[in-house]
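Trainee: Sequence:
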Amino acid sequence: MVTVGYSFIETGSTLKTYQQPIFQMSYQILENVWAEFNFGTSMIEDYPGPGLGTKLESYIGKLKYSFASPLDSVFQPYLGYQKIEPYSPAAGKGDASQDLLDEELFLVNSLKKGEIIFGVSLIKIFSSTWLTKLDLGTDVIAVNFGVPL
Numbered sequence: 198m199v200t201v202g203y204s205f206i207e208t209g210s211t212l213k214t215y216q217q218p219i220f221q222m223s224y225q226i227l228e229n230v231w232a233e234f235n236f237g238t239s240m241i242e243d244y245p246g247p248g249l250g251t252k253l254e255s256y257i258g259k260l261k262y263s264f265a266s267p268l269d270s271v272f273q274p275y276l277g278y279q280k281i282e283p284y285s286p287a288a289g290k291g292d293a294s295q296d297l298l299d300e301e302l303f304l305v306n307s308l309k310k311g312e313i314i315f316g317v318s319l320i321k322i323f324s325s326t327w328l329t330k331l332d333l334g335t336d337v338i339a340v341n342f343g344v345p346l
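In case it helps, this note's numbering puts the sequence shown at residues 198 to 346.
Treat the hints as calculated values from the structure; they're not laboratory data. Note that the coordinates shown come from a computational prediction; the quantities given were computed from them, not determined experimentally. Note that the Cβ used here is the ideal one computed from N, Cα and C, for glycine as well. Among the clues, some could well be false.
Stated by the list, open to error - Taking CB as the label site, the calculated pair distances span:
| id | residue 1 | residue 2 | range |
| --- | --- | --- | --- |
| 1 | Ile322 | Tyr278 | 20 to 30 Å |
| 2 | Val230 | Gly250 | 38 to 48 Å |
| 3 | Phe234 | Lys309 | 16 to 26 Å |
| 4 | Val340 | Leu302 | 15 to 25 Å |
| 5 | Ala287 | Thr329 | 35 to 45 Å |
| 6 | Glu282 | Pro247 | 22 to 32 Å |
| 7 | Ile313 | Thr238 | 40 to 50 Å |
| 8 | Leu331 | Asp292 | 41 to 51 Å |
| 9 | Glu228 | Gly250 | 44 to 54 Å |
| 10 | Asn229 | Lys309 | 28 to 38 Å |
| 11 | Leu260 | Lys290 | 17 to 27 Å |
| 12 | Ala232 | Ile322 | 13 to 23 Å |
| 13 | Pro267 | Met240 | 35 to 45 Å |
To be verified - Derived DSBU-like pairs (lysine-lysine); straight-line CA-CA distance at most 35 Å:
| id | residue 1 | residue 2 |
| --- | --- | --- |
| 14 | Lys290 | Lys252 |
| 15 | Lys280 | Lys290 |
| 16 | Lys321 | Lys290 |
| 17 | Lys280 | Lys321 |
| 18 | Lys252 | Lys321 |
| 19 | Lys310 | Lys290 |
| 20 | Lys252 | Lys309 |
| 21 | Lys290 | Lys309 |
| 22 | Lys321 | Lys309 |
| 23 | Lys252 | Lys310 |
| 24 | Lys280 | Lys252 |
| 25 | Lys309 | Lys280 |
| 26 | Lys321 | Lys310 |
Generate the whole structure from the sequences, applying the supplied hints.
Mentor: Here it is, written out as structure tokens:
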């Protein structure tokens, strides 16, 4: 199954939520057991300071178990791992004071995240050619549209 959608992710120690487009690829490895990989990327403007930008990349791996639900739906609790990597090449560089440059680097590094995650996906199958999926978990809240493979 391949889906694309829109998600909300929380970063590391800043505990802020950012919006992010997301791509998901799921593969059935055993009966009722699925492996899923998610990738999302977004840009935060004026972070860690005015005129600077920080790119966030989110990598998520999940193992899911499928249960049939009413109305052609599938319920999938999951366990996985999420890694968020920030990139801000201009942070910590420039003509500002060393304290300000160090603060910029600290702020960018505070967005890093790597942790075990859990949650649930609800898949609604509309036809043999398309579906919609809702993910609710400690890693992400996402709405996706996709196609079964």
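Trainee: None of the hints should be skipped; say for each whether it holds.
Mentor: Results for each hint:
1. For the hinted restraint 20 to 30 Å between Ile322 and Tyr278, the CB-CB distance of approximately 27 Å keeps it satisfied.
2. Between Val230 and Gly250 the Cβ separation comes to about 40 Å, which falls inside the hinted range of 38 to 48 Å.
3. For Phe234 and Lys309, the hinted distance range of 16 to 26 Å is satisfied, since their beta carbons lie about 20 Å from each other.
4. At about 34 Å, the beta-carbon gap between Val340 and Leu302 misses the expected band of 15 to 25 Å.
5. A beta carbon spacing of about 39 Å between Ala287 and Thr329 agrees with the range 35 to 45 Å that was offered as a hint.
6. Here the CB-CB span from Glu282 to Pro247 is close to 23 Å, well matched to the stated 22 to 32 Å.
7. About 22 Å separates the C-beta atoms of Ile313 and Thr238, a value inconsistent with the hinted range of 40 to 50 Å.
8. A C-beta distance of roughly 48 Å is found between Leu331 and Asp292, which places it inside the suggested range of 41 to 51 Å.
9. With their beta carbons about 45 Å apart, Glu228 and Gly250 fall inside the hinted range of 44 to 54 Å.
10. Look at Asn229 against Lys309: about 34 Å separates their beta carbons, and that is inside 28 to 38 Å.
11. Checking the proposed 17 to 27 Å range against Leu260 and Lys290 shows it is violated: the Cβ atoms sit about 41 Å from each other.
12. Checking the proposed 13 to 23 Å range against Ala232 and Ile322 shows it holds: the Cβ atoms sit about 19 Å from each other.
13. A beta carbon spacing of about 40 Å between Pro267 and Met240 agrees with the range 35 to 45 Å that was offered as a hint.
14. Restraint check for Lys290 and Lys252: satisfied, since their Cα atoms lie roughly 16 Å apart, inside the 35 Å limit.
15. Among the hinted pairs, Lys280 with Lys290 is consistent with the structure: their alpha-carbon atoms are about 25 Å apart, no more than 35 Å.
16. A threshold of 35 Å between alpha carbons decides the hint, and for Lys321 with Lys290 the separation of about 48 Å lies outside it, so the pair is violated.
17. At roughly 27 Å between alpha-carbon atoms, Lys280 and Lys321 fall within 35 Å of each other, so this suggested pair holds.
18. In summary, the hint linking Lys252 to Lys321 is supported, as the alpha carbons are separated by about 32 Å, within the 35 Å threshold.
19. For the suggested pair Lys310 and Lys290, the alpha carbons sit about 23 Å apart, so the restraint of at most 35 Å is met.
20. With a CA separation close to 11 Å, the supplied pair Lys252 and Lys309 stays within the 35 Å bound.
21. Of the supplied pair hints, the one linking Lys290 and Lys309 holds, its CA atoms being roughly 19 Å apart against a limit of 35 Å.
22. For the given pair, Lys321 sits about 33 Å from Lys309 by alpha-carbon distance, which is consistent with the 35 Å threshold.
23. At roughly 14 Å between alpha-carbon atoms, Lys252 and Lys310 fall within 35 Å of each other, so this suggested pair holds.
24. The hinted pair formed by Lys280 and Lys252 meets the criterion: a straight-line CA distance of about 14 Å does not exceed 35 Å.
25. The straight-line distance between the Cα atoms of Lys309 and Lys280 is roughly 8 Å, inside the 35 Å bound, and the hint therefore holds.
26. Taking the CA atoms of Lys321 and Lys310, the gap is about 30 Å. The hint holds against a cut of 35 Å.
Hint violations for this structure: numbers 4, 7, 11, 16, all remaining hints satisfied.
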